[in-house]
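Asks: Following the hints, position chains Z and W against chain B.
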Amino acid sequence: MSKLITSRRGLLKGAAAGGLLAASPLVSRYAQAQSSAPIRIGFQQHSTGIGAAYGRWYGRTTEAAAKAINDAGGINGRPLEIVAEDDGTDPKRGAEVVEKFANQHECDVAFGTLFSHVVFGSAPAAGELKIPYFVVSEGHHVASGALNRYTLQPGITDVKSQVQAMAPYVSQNLGKKVTMIFPDFAFGHDHRDFFTQAIEAQGGEVLEHIAIPPTETSFTKYFPKIPRDTEVLYHVMVGPAVLTFVKELGEFFGPSAPAIFGFIDSLEAVDMSSPGLEFLDGTYFWEGMPRYAQADQTEYDKAFRAAVGVDENGASVSDAKDVSTYAHMFGCWETLYIIKRGMEASGYAGPQDRAKLIEAVEAMSAMDEGFEHPQGPKIFNGKTHQTFGKQYISRVENGRMVRVHSTSIEDTFYPDEVDYTAQSF
Amino acid sequence: MSETGKIWALHLALIAALIVAGLVLPAYHQGNLARILVLATYAVGYNLLFGYTGLLSLGHAMFFGAGMYGLGLAMQHGDVSALPAFVIGLICAAVLAAVVALLALRTIGVAFMIVTLMFAQSAFLTVLYFGEWTRGDEGFVLQQATRQIAGVDLSEPTNRYYAALILFSAALLITLKLVRARFGRVLVAIRENEERTRMLGYDCFRHKFLAVVLSGTLSGAAGAAYGLLFGYVGASFTGVQYSIFPLLWVLLGGAGTVIGPFVGALFMFYLIDYASGWTSAYMLIAGAVLVALTLFAPLGLMGELRKRWLRWLP
Amino acid sequence: MEFGPHLMLAILEGAVGAAVLSLTALGLSLVFGVMRVVNVAHGEFFMLGAVLAWFVATALGGHPAVGFVAALVVAPLIAGVIAAAADWLILKRVEYDPEATIVATIGILYIMQQSALMLYGPEARPVEPPFNSRIALPWVEWGENGLALFYPWGFGTTTYKLFVIVAAAALLVAFWLFLTRSRFGLIMRATQLDRETALAFGIPVERVYALVFGLGAALAAFAAVLIVPISQAHYLMGGDPLLLSFIVVIIGGLGSIRGTILAALLIGLSDGIISVFFSPTLAKILATLLVALVLVFRPQGLFGKKPA
Numbered sequence: 001m002s003k004l005i006t007s008r009r010g011l012l013k014g015a016a017a018g019g020l021l022a023a024s025p026l027v028s029r030y031a032q033a034q035s036s037a038p039i040r041i042g043f044q045q046h047s048t049g050i051g052a053a054y055g056r057w058y059g060r061t062t063e064a065a066a067k068a069i070n071d072a073g074g075i076n077g078r079p080l081e082i083v084a085e086d087d088g089t090d091p092k093r094g095a096e097v098v099e100k101f102a103n104q105h106e107c108d109v110a111f112g113t114l115f116s117h118v119v120f121g122s123a124p125a126a127g128e129l130k131i132p133y134f135v136v137s138e139g140h141h142v143a144s145g146a147l148n149r150y151t152l153q154p155g156i157t158d159v160k161s162q163v164q165a166m167a168p169y170v171s172q173n174l175g176k177k178v179t180m181i182f183p184d185f186a187f188g189h190d191h192r193d194f195f196t197q198a199i200e201a202q203g204g205e206v207l208e209h210i211a212i213p214p215t216e217t218s219f220t221k222y223f224p225k226i227p228r229d230t231e232v233l234y235h236v237m238v239g240p241a242v243l244t245f246v247k248e249l250g251e252f253f254g255p256s257a258p259a260i261f262g263f264i265d266s267l268e269a270v271d272m273s274s275p276g277l278e279f280l281d282g283t284y285f286w287e288g289m290p291r292y293a294q295a296d297q298t299e300y301d302k303a304f305r306a307a308v309g310v311d312e313n314g315a316s317v318s319d320a321k322d323v324s325t326y327a328h329m330f331g332c333w334e335t336l337y338i339i340k341r342g343m344e345a346s347g348y349a350g351p352q353d354r355a356k357l358i359e360a361v362e363a364m365s366a367m368d369e370g371f372e373h374p375q376g377p378k379i380f381n382g383k384t385h386q387t388f389g390k391q392y393i394s395r396v397e398n399g400r401m402v403r404v405h406s407t408s409i410e411d412t413f414y415p416d417e418v419d420y421t422a423q424s425f
Numbered sequence: 001m002s003e004t005g006k007i008w009a010l011h012l013a014l015i016a017a018l019i020v021a022g023l024v025l026p027a028y029h030q031g032n033l034a035r036i037l038v039l040a041t042y043a044v045g046y047n048l049l050f051g052y053t054g055l056l057s058l059g060h061a062m063f064f065g066a067g068m069y070g071l072g073l074a075m076q077h078g079d080v081s082a083l084p085a086f087v088i089g090l091i092c093a094a095v096l097a098a099v100v101a102l103l104a105l106r107t108i109g110v111a112f113m114i115v116t117l118m119f120a121q122s123a124f125l126t127v128l129y130f131g132e133w134t135r136g137d138e139g140f141v142l143q144q145a146t147r148q149i150a151g152v153d154l155s156e157p158t159n160r161y162y163a164a165l166i167l168f169s170a171a172l173l174i175t176l177k178l179v180r181a182r183f184g185r186v187l188v189a190i191r192e193n194e195e196r197t198r199m200l201g202y203d204c205f206r207h208k209f210l211a212v213v214l215s216g217t218l219s220g221a222a223g224a225a226y227g228l229l230f231g232y233v234g235a236s237f238t239g240v241q242y243s244i245f246p247l248l249w250v251l252l253g254g255a256g257t258v259i260g261p262f263v264g265a266l267f268m269f270y271l272i273d274y275a276s277g278w279t280s281a282y283m284l285i286a287g288a289v290l291v292a293l294t295l296f297a298p299l300g301l302m303g304e305l306r307k308r309w310l311r312w313l314p
Numbered sequence: 001m002e003f004g005p006h007l008m009l010a011i012l013e014g015a016v017g018a019a020v021l022s023l024t025a026l027g028l029s030l031v032f033g034v035m036r037v038v039n040v041a042h043g044e045f046f047m048l049g050a051v052l053a054w055f056v057a058t059a060l061g062g063h064p065a066v067g068f069v070a071a072l073v074v075a076p077l078i079a080g081v082i083a084a085a086a087d088w089l090i091l092k093r094v095e096y097d098p099e100a101t102i103v104a105t106i107g108i109l110y111i112m113q114q115s116a117l118m119l120y121g122p123e124a125r126p127v128e129p130p131f132n133s134r135i136a137l138p139w140v141e142w143g144e145n146g147l148a149l150f151y152p153w154g155f156g157t158t159t160y161k162l163f164v165i166v167a168a169a170a171l172l173v174a175f176w177l178f179l180t181r182s183r184f185g186l187i188m189r190a191t192q193l194d195r196e197t198a199l200a201f202g203i204p205v206e207r208v209y210a211l212v213f214g215l216g217a218a219l220a221a222f223a224a225v226l227i228v229p230i231s232q233a234h235y236l237m238g239g240d241p242l243l244l245s246f247i248v249v250i251i252g253g254l255g256s257i258r259g260t261i262l263a264a265l266l267i268g269l270s271d272g273i274i275s276v277f278f279s280p281t282l283a284k285i286l287a288t289l290l291v292a293l294v295l296v297f298r299p300q301g302l303f304g305k306k307p308a
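Residue numbers (our numbering), protein chains in the order written: chain B, 1 to 425; chain Z, 1 to 314; chain W, 1 to 308.
Okay, chain B solo, but in the shape it has when bound (with noise of 0.2 Å):
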């Protein structure tokens, strides 16, 4: 089986580059017959409930995407349209959008997810009809194995290699001494346990796990929990309460704070400068793509903040309260560009082909910076189904958030758990 696969991939590639596959009778007669019919992306878009501020900035971004894309000329001469479909952040209603993408609205693929939960509930049917689904989601879900050969998160890092590659700089900048406040679900247990594990490497140690229920909006009482030998205070909060998270985190420490470190999620959305985020003036972030533009800003960040209609603050060009979900959505252009490969380096002519488009995408493995991979370089494994790439730590300076620090892809690895090319389709 595996031999065949690489046969084939090799096929592919000599086909590919040679414009040997446009000579090929079979592809070309369909190349005709369907040359004007657009190529259908489905877009799981959390469009109602918890996860709605996140699904405005994928739909915006994934719309850039496709008109860059089609202005460009779109996939294998064919046009890309997007068929959107609210899933309201819940899983049942993920997996009847994706039946609905196969089924109903003839999709060629399914793409976009991020809230972990919806991808876990439509991961399965994504298998059943055998449509490949893109999940944009950094989640650790796929690279773990348990879902199957036609879910793939090519564009975007999951919660493992974010949270692993953060231990180094961390014990070295910050303190070795750390206590770890997260929501008491799977998300805030991948932190826990990641996290715990790489501090120990790196020669650190975490005094106190404290977990918050996912149903509280106050948190001061449990921060006398923090011990106090604390010197880094590591927190990841989502949901609507994670202002007043870090508001009354601040209002507890007041001026005589640990060092505390954070990932954005806690504030995707939610502007600086709004009242009472004051005190992380002097405090960590990851960020998975920097915010606020940085002084050595790319092109490749200028073309892709303009194409989603982004200033360099993070927020919307058109409305600088409107503040985007920055450290995430670049996942969305990203995929939809690895996708265009994937179909171009397969010769896609129809659903067919998605399990050569799947095997076009596993073949992949470097991605280069560029328009097209604006948030860095990147490994993809395709193994695991997974994407590695750089993670950026930034400092809250003045209200902005500045990069201090960007992890090596390296950094980021872990030993495979899974190999999907293992199963059959």
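Among these hints, one or two may not hold up.
[What the hints assert, rightly or not] Some chain Z residues well away from chain W (every beta-carbon gap over 12 Å; in silico): (1) 9; (2) 27; (3) 80; (4) 146; (5) 183; (6) 196; (7) 269; (8) 282; (9) 287.
[As the list claims (entries may be wrong)] Between beta-carbon pairs, the in silico distance windows are: (10) 424/B / 130/Z: 53 to 59 Å; (11) 406/B / 118/W: 46 to 52 Å; (12) 241/Z / 144/B: 27 to 33 Å; (13) 79/B / 25/Z: 29 to 35 Å; (14) 133/Z / 319/B: 43 to 49 Å.
Note that these hints are calculated values from the structure, not bench results.
A virtual CB, placed ideally from N, CA and C, is assigned to each residue, including glycine.
Replies: For chains Z and W alone, kept in the frame of chain B given last:
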């Protein structure tokens, strides 16, 4: 035709129509209907308690969840095969329902609503608390290869549809039989006037207890089937909105009618599905339709039908 | 070591939560008590209050106190008018049938949530408190080197949080006076006791109902304006207040203001205090079960009358 004849004819005709629908519907609608049938089973279970016994529970998601997690955890961590896992799910739901009934039935009316609501909230938090096994909100996927009974692959759309239909038909016919039997009539009597029923010499507690256990077990069967047929087990199914959904479906379809729960679930599913095709503000439309329905059909769709034309509808 | 401060803060936080909850619950209790209907959309009026507070504060600008005070007046007023209109247009027409009301208010809930999403957006937005000074006392401990002070592990709060407790208490007292001393309060209580007799005495029950429904929503909105400088406005924020105030009303005993407030305190404080001893999520589970058991063994609620 005699009344009994008409009643059986109607319900068997519904099942026959659903058998045919499985053959002729396009894939998308066949998939939807499979989901609706499982959810309708849940609503049928709910209706037994709410529509016939008059006990309004706001915590049925815990029974749905007990079935789902009973099956899911057994399959995921115990390597139990699908059929025995399904039975484990049923037992979990039945035991939970019995415990809840013993405590909650000390109360009536609004206190019953709140007690069930809070038990369900604890159940939801318990799922999160044991995240190591349940993976909390994220839940877990039941691998496709394990989802089969006696060699029948339940992830295959047509098999899945008919499995859902068998479950629903069983629930429908059991309920129909039950509510037309002496047991069901006592439940209705309790709904209408508990004091009087007691004075007539009926053991109200025993009847209510059995109603809760039956209703909870049916809901658990639906939950277990949902996990098995669609391959996902997650905490969102134990949240409070999944306690409110069956209430909504039953009220829309007609409380205290046997086919009302199915009609309500069908109506609500397609209302959301179609409205979301027209506009992104589909919840606005759904809300307006619900309001309009209460104005023009306060007894629910089947309830109005019964009031106006089909007086014999059970 | 952390026990003392944790308990102290849990009580303080619990008091802030209870203050806001008792106002919200009082609104629900009124509607439930007088009209005998469950308003599933009650939490959405709470959300409406918070969202309106943001709009008012943003529109007025200037010193935060200006927007805050304006919001305290405007938000409950608008929420109340919308609720009264909903009562007049919908609930009256279904004759306050308990089941139809549940469906209708679920419909209203959908409409309000979607409208808020479209007009206000999916983000959580903060409103600046009118004043907010940090109060922090160090934790004092007798250690090896004599008395030691620990910053900031002692008592910590803000002036605004204390103000919320005072403001809610003041409103509760005012409301109690209104119910027991004013003519409208009398009419309301009469309608609650016996609708038929009230009608016979020429009380315009329909108008009383619309006013009560509006008043209930206004109380929720007022509570939301108080809390929004602490926890932001978000279009999905109505869920928890609905459930909690529903629980509080029943635990407290229908029709008892005293019971409602006591139950709000019980709920506000119990999970905070239990969380001192257990991990937070386990504490929430235990607190929820505990409160449910109160009702199991006292089905009429703390201050409710035993059903005849």
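Asks: Can you name, in rising order, the numbers of the hints this structure does not satisfy?
Replies: 8, 9, 10, 11
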